[in-house]
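Engineer: Sequence:
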Amino acid sequence: MRKSYKIIALVVALLFSISMLSGCGANSGSSGSNGNSGESQEAKKDDYPNKPITVIVSFAAGGGTDVGARVLLPYVEKELGVPLTVVNKPGGGGWVGWTELVNAKPDGYTIGYINTPNLMTGYLDPQYKRKENLESFALIANHVVDYGAICINPKETRFKDAKELFEYAKEHEVTGTTTGVNSDDHIAIMKLNKYYGTKFVPVHTTGAAEGKASVMGGHVDVYFANVGEVTAPHKNGELKVVAIMAPERSKFLPDVPTYEELGYKVYSWSARGIAAPKGIDQAKLDKLVAAFEKAINNPEHIKKMEDMGLAVNFLKGDDYMKLLKDDEKGVLDVSDLLGWKK
Numbered sequence: 000m001r002k003s004y005k006i007i008a009l010v011v012a013l014l015f016s017i018s019m020l021s022g023c024g025a026n027s028g029s030s031g032s033n034g035n036s037g038e039s040q041e042a043k044k045d046d047y048p049n050k051p052i053t054v055i056v057s058f059a060a061g062g063g064t065d066v067g068a069r070v071l072l073p074y075v076e077k078e079l080g081v082p083l084t085v086v087n088k089p090g091g092g093g094w095v096g097w098t099e100l101v102n103a104k105p106d107g108y109t110i111g112y113i114n115t116p117n118l119m120t121g122y123l124d125p126q127y128k129r130k131e132n133l134e135s136f137a138l139i140a141n142h143v144v145d146y147g148a149i150c151i152n153p154k155e156t157r158f159k160d161a162k163e164l165f166e167y168a169k170e171h172e173v174t175g176t177t178t179g180v181n182s183d184d185h186i187a188i189m190k191l192n193k194y195y196g197t198k199f200v201p202v203h204t205t206g207a208a209e210g211k212a213s214v215m216g217g218h219v220d221v222y223f224a225n226v227g228e229v230t231a232p233h234k235n236g237e238l239k240v241v242a243i244m245a246p247e248r249s250k251f252l253p254d255v256p257t258y259e260e261l262g263y264k265v266y267s268w269s270a271r272g273i274a275a276p277k278g279i280d281q282a283k284l285d286k287l288v289a290a291f292e293k294a295i296n297n298p299e300h301i302k303k304m305e306d307m308g309l310a311v312n313f314l315k316g317d318d319y320m321k322l323l324k325d326d327e328k329g330v331l332d333v334s335d336l337l338g339w340k341k
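Numbering follows numbering that gives the first Met the number 0, in which position 263 of the sequence shown is assigned residue number 262; successive positions increment by one, without gaps.
For the record, the hints were derived by calculation from the structure and aren't laboratory data. Any given hint might turn out to be false.
[Unchecked claim] When the alpha-carbon atoms are kept at most 30 Å apart in a straight line, the in silico DSSO-like pairs for lysine-lysine are as follows:
(1) K250 <-> K293
(2) K321 <-> K340
(3) K277 <-> K264
(4) K169 <-> K303
(5) K88 <-> K303
(6) K324 <-> K104
(7) K303 <-> K50
(8) K104 <-> K293
(9) K328 <-> K88
(10) K198 <-> K159
(11) K104 <-> K321
(12) K321 <-> K130
(13) K277 <-> K324
(14) K328 <-> K128
(15) K159 <-> K239
(16) K50 <-> K315
(17) K324 <-> K193
[Said to hold, decoys possible] Label-pair distances were calculated between CB atoms; the ranges are:
(18) P256 <-> N235: 17 to 23 Å
(19) K321 <-> Q281: 19 to 25 Å
(20) E170 <-> L336: 19 to 25 Å
(21) N235 <-> D285: 37 to 43 Å
Note that beta-carbon positions come from the ideal geometry of N, C-alpha and C, so glycine has one too.
Using the sequences and the accompanying hints, generate a full structural model.
Structural biologist: Written out as structure tokens, the structure reads:
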């Protein structure tokens, strides 16, 4: 009997020892697994980006924003090592695309172009009751500043230059394209009407490409656009640029007078930059900023942009935010022209 007890005791002790060893092994394995998991997560974070990035353009293909983006992005791809794909989301004066951008997962794989003053007018106008504002975006970089221009169909017979156009528009209604309600083009039209008594009637479109087609097809009288959108059509004879809304003549259109030269002190421009949704990891944002800075300042990129009449104006951080805040103030200063009800 004693011998049986001894055998049982030995078996129990042996089983206990095996159990302890297994437990230690499991703990050791668990610890190693957690460590590897941590390293894996860190590695995953460090290898950003590791898949294609979507770039939302809130206007139709063929417009200034779209064209500029497609020129720039191949240079950004070289810096990041992954494809950047443009997805056009026109409508709502840009807010179809911006709403999608703001609500996108802030993982660094969805970014987009933001345009001023369209962006500001969309959230400052009380009728829209939008909660979004500048703080809803994580700024990456400004790309270009593009001054306004006014164009006519070369076959137009009622007026052949800006002086004749403005005189005609004081006596007759003249339709003019815009890229949307409260856009830079819309604001320019309202300024001309209020301060100089013209009778321009805004015709809102989904973007510059639609506006251009409307004027070329004879459906709208005047094409309000930006220098970058009209330089090539002006030079090849598709459209005739009669004036630009800038403090001085554009080096891209040296033969075209400014509004101010003609006695109309009206300025208009659109700043186009890139942003991510708020909440993106700072390390990912820093990588995007660095990549866009190198790409935007690439001499080859700058030359291609200038060949199309697009003036590169790289800004980041506080400098970019100051530009946007200044544009925001400018919009508030003309809110009465837009008929906003407070």
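Engineer: Return the numbers of the hints above that this structure violates; sort them in rising order.
Structural biologist: Those not satisfied are hints 3 and 4.
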